[in-house]
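Participant: Residue numbers (this note's numbering), protein chains in the order written: chain A, 4 to 249; chain B, 4 to 249.
Since the hints were derived computationally from the structure, they do not count as laboratory data. In this text the structure is predicted, and so the values were computed from the model without any measurement. Each hint should be verified, as a subset may be incorrect.
Intra- or inter-copy, both count: the list cannot distinguish identical chains.
To be verified - In silico EDC-like pairs for lysine to aspartate or glutamate, Cα to Cα no more than 20 Å straight-line: (1) Lys77 <-> Glu52; (2) Lys35 <-> Asp91; (3) Lys195 <-> Glu147; (4) Lys195 <-> Asp138; (5) Lys195 <-> Glu238; (6) Lys195 <-> Glu144; (7) Lys44 <-> Asp62; (8) Lys61 <-> Asp40; (9) Lys36 <-> Asp91; (10) Lys35 <-> Asp58.
Protein chains: 2
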Amino acid sequence: MFTEIKTSANTAGKPRGRGRPPGPTAQGAAAKKRLYDIGVKRMARHGYEMTTLRDVAKDAGVSVGLLYRYFPSKRAVIFALYDELSADYVTTTAAMRPGTWRDRALFALRSSLDVLRPHRTTLRGLIPVLVGDPDEGVFGEQAEFSRVRVLGVFQDAVVGASDAPPRPLAEAIGRLFYLVHLAVLLWWLLDKTTSQRATDALVQLFAGILPSAAMTLRLPFVRRFVLSVDALVREALFADPVKAGA
Amino acid sequence: MFTEIKTSANTAGKPRGRGRPPGPTAQGAAAKKRLYDIGVKRMARHGYEMTTLRDVAKDAGVSVGLLYRYFPSKRAVIFALYDELSADYVTTTAAMRPGTWRDRALFALRSSLDVLRPHRTTLRGLIPVLVGDPDEGVFGEQAEFSRVRVLGVFQDAVVGASDAPPRPLAEAIGRLFYLVHLAVLLWWLLDKTTSQRATDALVQLFAGILPSAAMTLRLPFVRRFVLSVDALVREALFADPVKAGA
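Based on the provided sequences and hints, a complete structural model is requested.
Facilitator: See below:
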C-alpha cells in the first residue's frame with residue numbers, strides 16, 4: 004500500500020484501486036501515518052481553516068480519492084492527532100511508580116509536557132482548533148475517547164496512591180489535576196520565554212506549594228470546595244458528569 | 004460621511020473621494036462603528052480566517068477602498084474590538100466602591116462578565132484569534148493598550164482597597180486576579196450549561212473561599228509563592244515585566 008502511494012505521486016488525480024479498502028495491514032498503517040504527518044504539518048503551518056484535503060493530497064503526492072479513504076475530513080486528522088498523543092502519554096506514564104498522590108500527579112503533569120514537547124510548534128498552530136472549536140476542541144464530544152484516556156492517568160495517579168484520599172474526593176482531585184494540566188499546557192504553548200523556561204519554573208513552584216495545599220484538604224470546607232468545583236467542571240466543560248466520573 | 008457610505012452601496016468597487024481621510028468627525032465615527040459592527044459580526048459567524056475585507060465591504064454595501072480607509076486589515080477590526088470592550092469595562096468599573104480588596108477584585112471580575120455577556124456569541128467565534136494568535140491574541144503586543152487598561156482596573160481594585168497589602172504584593176495580587184479573570188472568561192466561553200449557570204456558580208464558590216485563601220497571605224511562604232508566580236506571568240505571558248508592572 005505504501006508503494007502504491009509512492010508511485011501514485013505521478014498520477015495524482017486518478018484514484019487507483021478505489022474499491023479496495025485500506026485495511027489494517029502494516030503497509031496500510033504506514034501509509035496512513037505518512038498522510039497524517041503531512042496533514043498535521045500543513046495545518047500547523049497554514050492553520051486549520053486554511054488547509055484543505057486537496058492541499059494535503061498535493062503535499063503527499065497522492066490523489067484526493069486515496070487520501071479520502073484514510074482521512075474523510077480534516078477533523079479526522081485532528082482526532083488522529085489526539086489519538087496518537089494520548090496513546091504516547093499512556094505509554095509514558097505506564098512507568099508511574101508507587102508513592103503519594105502528589106508525587107504521582109506531578110509525575111503525570113510533567114510527563115504530559117515531556118510527551119508534547121517535540122510537537123509544540125504543531126500544537127501552537129492548532130490552538131485555534133484545540134481550544135476554540137466546540138466540536139473539534141479538547142472538550143468536544145469527538146475528543147472524548149482521548150480525553151477520558153488522559154483523564155484516567157490523572158485519576159489513577161491519585162486513586163492508586165499510597166495515601167489516596169477516600170474515593171469521591173480522590174477522583175475529584177484527579178479530575179482537577181487534569182484541568183490544571185490543561186491550563187499548564189495552554190500556558191506552555193503561549194509561554195514567551197526561551198525554551199519555555201517559565202513553564203518549568205511554574206510547575207516547580209506548584210510542586211513546592213502542593214504539600215501545604217494538600218494539608219488544607221483536612222478542612223471540611225476545603226473538601227467541599229474541591230467537590231463543588233469538580234462537579235462544575237464536569238457539567239460545564241465535559242458536559243458529561245456520569246461518564247467523566249466513571 | 005455616513006451618507007456617502009449608504010449611497011456608495013450601488014457603486015461598490017469604485018472608491019469615491021479616495022484622497023479624503025475619514026477624519027475624526029461624528030459622521031466618520033458613526034460610519035466606522037457601522038463597518039466595525041458588520042466586520043465583527045461576519046468574523047463571529049464565519050471565523051476570522053475565512054473572512055476577507057472584501058466580504059465585509061460587500062456585507063456593508065461599500066467599496067473595499069472605503070472600508071480600507073477605516074480598517075486597513077482584519078487585525079484592525081480585532082484591535083477595535085479590544086478597544087471597545089476594554090473601554091466599556093473601564094466605564095462600568097468606574098463605579099467601584101471603597102472596600103476590601105477581595106470585594107473590589109470580585110466586583111471587577113463580575114463586571115467583566117457583565118460587560119462581555121451581550122458579546123458572548125461573537126467572542127466564542129473569535130476564541131481562535133483571542134487565545135491562539137501570538138500577534139493578535141490577548142497576550143500579543145498589539146493588544147497591549149487594552150490589556151494594560153483592564154489590568155489597571157484589577158490592580159487599582161487591590162491597591163486602592165481599605166485593607167490593601169503593601170505595594171509589591173498588592174500589585175502582584177491585582178495581576179494574578181487579572182489572570183484569574185481571563186481563565187474565568189475562557190471557562191465562560193466554553194461553558195456548556197444553560198445560560199452559563201456553571202460560570203456564575205464557579206465565581207460564587209471562588210468568592211466563598213477567597214477570605215480563607217486571603218488569610219494564608221499572612222504566611223511568608225504564601226507571599227513568596229504569589230510574588231514568584233506573578234514574576235513568571237509577567238515574563239511568560241506579558242513578555243514585558245517592566246511595563247506590565249508600571
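Participant: Taking each numbered hint in turn, which are not upheld by the structure, reported in ascending numerical order?
Facilitator: none
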